[in-house]
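**Student:** Take a look at the letters that make up each chain.
Protein chains: 2
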Amino acid sequence: MGALHAGHGALVARARRENDICAASIFVNPKQFGPGEDFESYPRTEDADLAMLRDLGSDLVLIGTNEDLYPEEFATRVELKGPLVTAAEGARRPTHFAGVTTVVAKLFGLFEPTRAYFGWKDMQQLLVIRRMVDDLSIPVEVVGCEIVREDDGVAMSSRNRYLDREARMRAPKIHEALVLAARAWQGGERRAERLRAMVREHLHGFDLEYVELRSTSSFEELQDPVGPGRILVVARMETTRLLDNYPLDSLSEGTATVHSDDVRGSTP
Amino acid sequence: MGALHAGHGALVARARRENDICAASIFVNPKQFGPGEDFESYPRTEDADLAMLRDLGSDLVLIGTNEDLYPEEFATRVELKGPLVTAAEGARRPTHFAGVTTVVAKLFGLFEPTRAYFGWKDMQQLLVIRRMVDDLSIPVEVVGCEIVREDDGVAMSSRNRYLDREARMRAPKIHEALVLAARAWQGGERRAERLRAMVREHLHGFDLEYVELRSTSSFEELQDPVGPGRILVVARMETTRLLDNYPLDSLSEGTATVHSDDVRGSTP
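Protein sequences, first through last, are from chains A and B.
Per this note's numbering, numbering through the first sequence is continuous, rising by one, with the last residue being 345.
Per this note's numbering, numbering through the second sequence is continuous, rising by one, with the last residue being 345.
Hints are not guaranteed to be accurate.
As the list claims (entries may be wrong) - Heads up, simulated DSSO-like pairs for lysine-lysine below, C-alpha to C-alpha not over 27 Å straight-line:
(1) B:Lys108 with B:Lys158
(2) A:Lys158 with B:Lys108
(3) A:Lys158 with B:Lys158
(4) B:Lys158 with A:Lys108
(5) B:Lys108 with A:Lys108
(6) A:Lys108 with A:Lys158
Unchecked claim - Between beta-carbon pairs, the in silico distance windows are:
(7) A:Pro249 with B:Asp97: 53 to 61 Å
(8) B:Ala274 with A:Ile140: 51 to 59 Å
(9) A:Tyr287 with B:Glu218: 42 to 50 Å
(10) B:Ala164 with A:Pro112: 27 to 35 Å
(11) B:Asp97 with A:Glu114: 42 to 50 Å
What the hints assert, rightly or not - Listed next, the stretches of chain A that the computed footprint assigns to chain B, with coverage defined by at least 3 CB atoms under 8 Å from CB atoms of chain B:
(12) 150-164
(13) 214-222
These are computed hints drawn from the structure, not numbers from a lab.
Ideal placement from N, C-alpha and C gives every residue a C-beta, glycine not left out.
So that you can see chain A by itself, here it is in the shape it has in the complex (with noise of 0.2 Å):
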């Protein structure tokens, strides 16, 4: 959706890295927005964004309006069921999945892509794509990336540009918050209502919408005793919706090797 921050970055350097061609698309879909969210104010930076991805050696790069992606006869969706896309930001925002499939299969069917790269900054989003291309089998490989944080661990997003200074301050300790549990975890903690509690309780004082323990594969809760997966939370800071998530164990992370040297710092 543009915007573009190093952890997109990130995907595009590895695209670049492991691809022969590589390409991005910059389009705010407005199918994945519900009522009273962003779209309108969705930041929008189209002149950084060309030249971090010409920087990055993109080759091809997609800049559709909404009638070139949807024009007027347009009818068709792409959709889950299920507790995939029911539960956590489902739960929240009932249209974001069905919105986003329906763009990403478009996509696909745009690029026909060998790999396709995403974050696991949007967890839910990630499963939800594998699940879409394994259903439908689309032929190609959906890549997961590691999280990219600021310096002071803060996981980058084009939606942090919305906090304050004060809330910016505070919104490292979600990153904590998610690194105590995995510890806890790495040294034997398998009470998932525990682990839950600890992060609650470093995150004292924010407005958290859930703290979830989930599989990296089905996205379902983690039942104790808690296996590997990661860690969720969304708290809202003013009305900006923060979500992060952290791997309790290294094989909970995106990929077996994490290229978390690709990108480094602060935003462009």
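Given chain A's structure and the hints, the job is docking chain B onto it.
**Tutor:** This is chain B only, laid out in the frame that chain A set:
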């Protein structure tokens, strides 16, 4: 869906002629049957189907079980919205087209075909699939093939075998009625109500579900003065719904060149 007849044969023969590799699928797709429809009793003639496909030179046949196509974790639906799927067949079979688009999207993912061949017999289905392909930018050319008929004019259908002797004897009147209306259009009749009435009068005594005049691109109903398009009829004979349609003009045939000589005569 198997139970192949010479109409299917014409699709395969044409695909064989126009492509280097020719593939077919046989799968009685439960998702496109509604409650109370004939999923359980739908004819299954796998040995004969395979012999026919071999004779026609098909290189590959996918024979899927329900578990192959829809494993337990399957959660995706590809679905159209709007008049293209709520009119005509969609009004009688509200879940039908979502079942069709879901399985066809998956078959396109599995086969990655350059061209896919569908009959004008299921005209609405053909246009629904074209809409899906355009909407999702699926890189396939959807080729419409003209209806293949028995010597007495009855449109070939796997469900014709449900007809008893008396119903089968009356069935050719359906095609006759459509030809009458097409001739009247060619003779200058442009009033939709007159053209439809002509079909109803010729089919006096039949249980008609609908008689409609529709565009071969948008499937919209043709308004006075009726331009090029096709006239459709659905007649119910006992529990069997017989669908047929006919071009008002030669330009509304499935393709510029109709290879009606591909396949002749009766079902194998």
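**Student:** Each hint needs a verdict: does it hold in this structure or not?
**Tutor:** Tested hints:
1. B:Lys108 with B:Lys158: holds, 17 Å
2. A:Lys158 with B:Lys108: OK: Lys158 of chain A and Lys108 of chain B at ~14 Å, within 27 Å.
3. A:Lys158 with B:Lys158: Status holds; Cα separation ~17 Å.
4. B:Lys158 with A:Lys108: Judged against 27 Å, a Cα distance of about 14 Å means the pair holds.
5. B:Lys108 with A:Lys108: Roughly 26 Å between the alpha carbons, so the hint for Lys108 of chain B and Lys108 of chain A holds.
6. A:Lys108 with A:Lys158: holds, 17 Å
7. A:Pro249 with B:Asp97: 53 to 61 Å: holds, 59 Å
8. B:Ala274 with A:Ile140: 51 to 59 Å: holds, 53 Å
9. A:Tyr287 with B:Glu218: 42 to 50 Å: holds, 46 Å
10. B:Ala164 with A:Pro112: 27 to 35 Å: Holds, at about 28 Å.
11. B:Asp97 with A:Glu114: 42 to 50 Å: Taking Cβ atoms as reference, Asp97 of chain B and Glu114 of chain A lie about 48 Å apart, which means the hint holds.
12. 150-164: Since 12 is at least three, the answer is holds.
13. 214-222: Since 3 is at least three, the answer is holds.
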